[in-house]
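Peer 1: Residue numbers (numbering that gives the first Met the number 0), protein chains in the order written: chain A, 0 to 79; chain B, 0 to 436.
Be aware that a few hints might be false.
[Claimed, not checked] Below are the PhoX-like pairs computed for lysine-lysine, each with C-alpha atoms no more than 25 Å apart in a straight line:
# : chain 1 : residue 1 : chain 2 : residue 2
1 : B       : Lys112    : B       : Lys65
2 : A       : Lys8      : A       : Lys22
3 : A       : Lys22     : B       : Lys373
4 : A       : Lys44     : B       : Lys373
5 : A       : Lys20     : B       : Lys373
6 : A       : Lys18     : B       : Lys65
7 : A       : Lys8      : A       : Lys20
8 : A       : Lys22     : B       : Lys65
9 : B       : Lys317    : B       : Lys358
[Said to hold, decoys possible] Short derived list, chain A residues pointing at chain B, Cβ under 7 Å:
#  : residue
10 : Ser23
11 : Tyr26
12 : Asn28
13 : Gly39
14 : Lys43
15 : Thr47
16 : Asn51
17 : Trp58
18 : Ser59
19 : Ser60
20 : Thr63
[What the hints assert, rightly or not] Pairwise CB distance ranges (calculated):
#  : chain 1 : residue 1 : chain 2 : residue 2 : range
21 : A       : Pro35     : B       : Asp418    : 27 to 37 Å
22 : B       : His66     : A       : Gly70     : 18 to 28 Å
23 : B       : Gly337    : A       : Pro35     : 30 to 40 Å
24 : A       : Asp41     : B       : Asp116    : 36 to 46 Å
25 : B       : Asn320    : A       : Pro35     : 46 to 56 Å
26 : A       : Arg40     : B       : Gln86     : 52 to 62 Å
27 : A       : Gly72     : B       : Pro146    : 13 to 23 Å
28 : A       : Glu13     : B       : Ala332    : 48 to 58 Å
29 : A       : Glu13     : B       : Arg240    : 47 to 57 Å
Hints were generated in silico from the structure; no laboratory data involved.
A virtual CB, placed ideally from N, CA and C, is assigned to each residue, including glycine.
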Amino acid sequence: MALVYEEAKATIIEFCNSKAKTKSKFYFNDFTALFPDEKGRDVKKILTQMINEEVLVFWSSGSTSMYGLAGAGKHAEGED
Amino acid sequence: MAKHKTPLLDQLESGPWPSFVSDIKQEIEHRYANPKGVDFQVPAECPDDLLGLLELSYVDGETHWKHGGIVGVFGYGGGVIGRYCDQPQKFPGVAHFHTVRVAQPSGMFYTTKFLRDLCDLWELRGSGLTNMHGATGDIVLIGTSTPQLEEIFYELTHKMGNDLGGSGSNLRTPACCLGESRCEYACYDSQELCYQLTQQYQDELHRPAFPYKFKFKFDGCSLGCVAAIARSDMSFIGTWRDEIRVDQKIVAAYVGGEFAPNAGAHSGRDWGKFDIQKEVVDLCPSGCMRYEGGKLEINNKECVRCMHCICVMPRALKIGNDRGLSILIGAKAPILDGPQMGSLTIPFIKAEAPYDNLKEFVESVWDWWMEEGKNRERIGETLKRLGFARLLEVTGTTADPRHVQEPRHNPYIFWKEEDVKGGWQREISDYRSKHQR
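For reference, chain A alone in the conformation it holds in the complex (with noise of 0.2 Å):
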């Protein structure tokens, strides 16, 4: 089944509410998990999406990536 992409973004926001009071940022792989019958592929288009409209921000130690909310969790100055 297609993912729809207001839907998907609903979940995916109240996945990430749901967990604000201990995470911040999130791996691909708890998005995935979020819809296990379809393609992470497809799941990516998603993501993807909500960056590009600013509502996810991607966080990256340098070695590994992770997605956020835009403005959730603690930031360096300047960042927000």
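With chain A fixed as given, assemble chain B onto it according to the hints.
Peer 2: What follows is chain B alone, placed relative to chain A:
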């Protein structure tokens, strides 16, 4: 004049090797003098504060960099690595000190104009400090602030025709040797393959979706100038499947002293007369050569492509004509698990445009790793955890004796019912007709 005292760092300059401390000091003086009147967009004292911060880290025995960040250029999830210092009041020049990774040209062929433009850009919008090149092979521009990132990206992409490289859980900047452009040993066009796969996998390079980093490296032959076998999750190493071409007349000329062995390398001292037995035949790792009656014979089926003989007598011995490459999977440095070399997965495959056979293989490996790999697990670790047989299965590769690294040790072939004629069920009477109780 540098503003911080750095006695511990100064000591690093006393050794016999070129010192990064000396290089940074040179840049400090250059920025303070500013002979070209550059309107620095990051503080002029940036390299000065960098040394000051490093000295403090040496004194404290701990880092003063914070971990990671959300900075980047719009739409890209790699290429920029956020770095912030935890002592910004003391060292304002490095309050932001982001790294920008820039894709290097294939084979690292630069025009002087490109290098000058790059240095001018980084002097204006960065610290002036570069690392040519990082361990992955890309151009590493170290030290800039958040407002400069989009400006740098625009200049690089629109005016210099370049792009950012990879970082994080992305496909990292692919790297290749100089290949057929200058090397007679190249078994395929490593630069072209590197370029084509870079173009094909832009999404993987710039938008992270892998469990962890993934590196491609392309060596034109097994001499491995980019050390693909040790440094890349997927190594493409040139090879041939026919025979080493031998010109016996020229072999005789080497033996007679007409040509210097090793193309004249190692000529700094007198090693005596060239001894083909000692310097070539006896050093063949698989013992597949002999030199008798003035004739060099090679049992090509036993050749392991070390290319030592070819390197010693490059005029006489040449790579075969039926060329392609081998693909190895899983090399990595020690982070979570120990270091690993790549495991031979595809012994031979042709490498010709449009490279659909290679792309199909790459994507089958990625699909498996993206599905099964744990977070922060390199594919070499997934391979060890789930077994080599699983990799063969998901890539549709037939098991081959060349996959066996060490016989009778760590076997990876487990028969499944569908692999065995008749499955697990059998007529016991048939068995008993041949085997007594």
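Peer 1: So which of the earlier hints does this model not fit?
Peer 2: Checked against the structure, the hints that fail are numbers 1, 9, 10, 26, 28, while the rest are satisfied.
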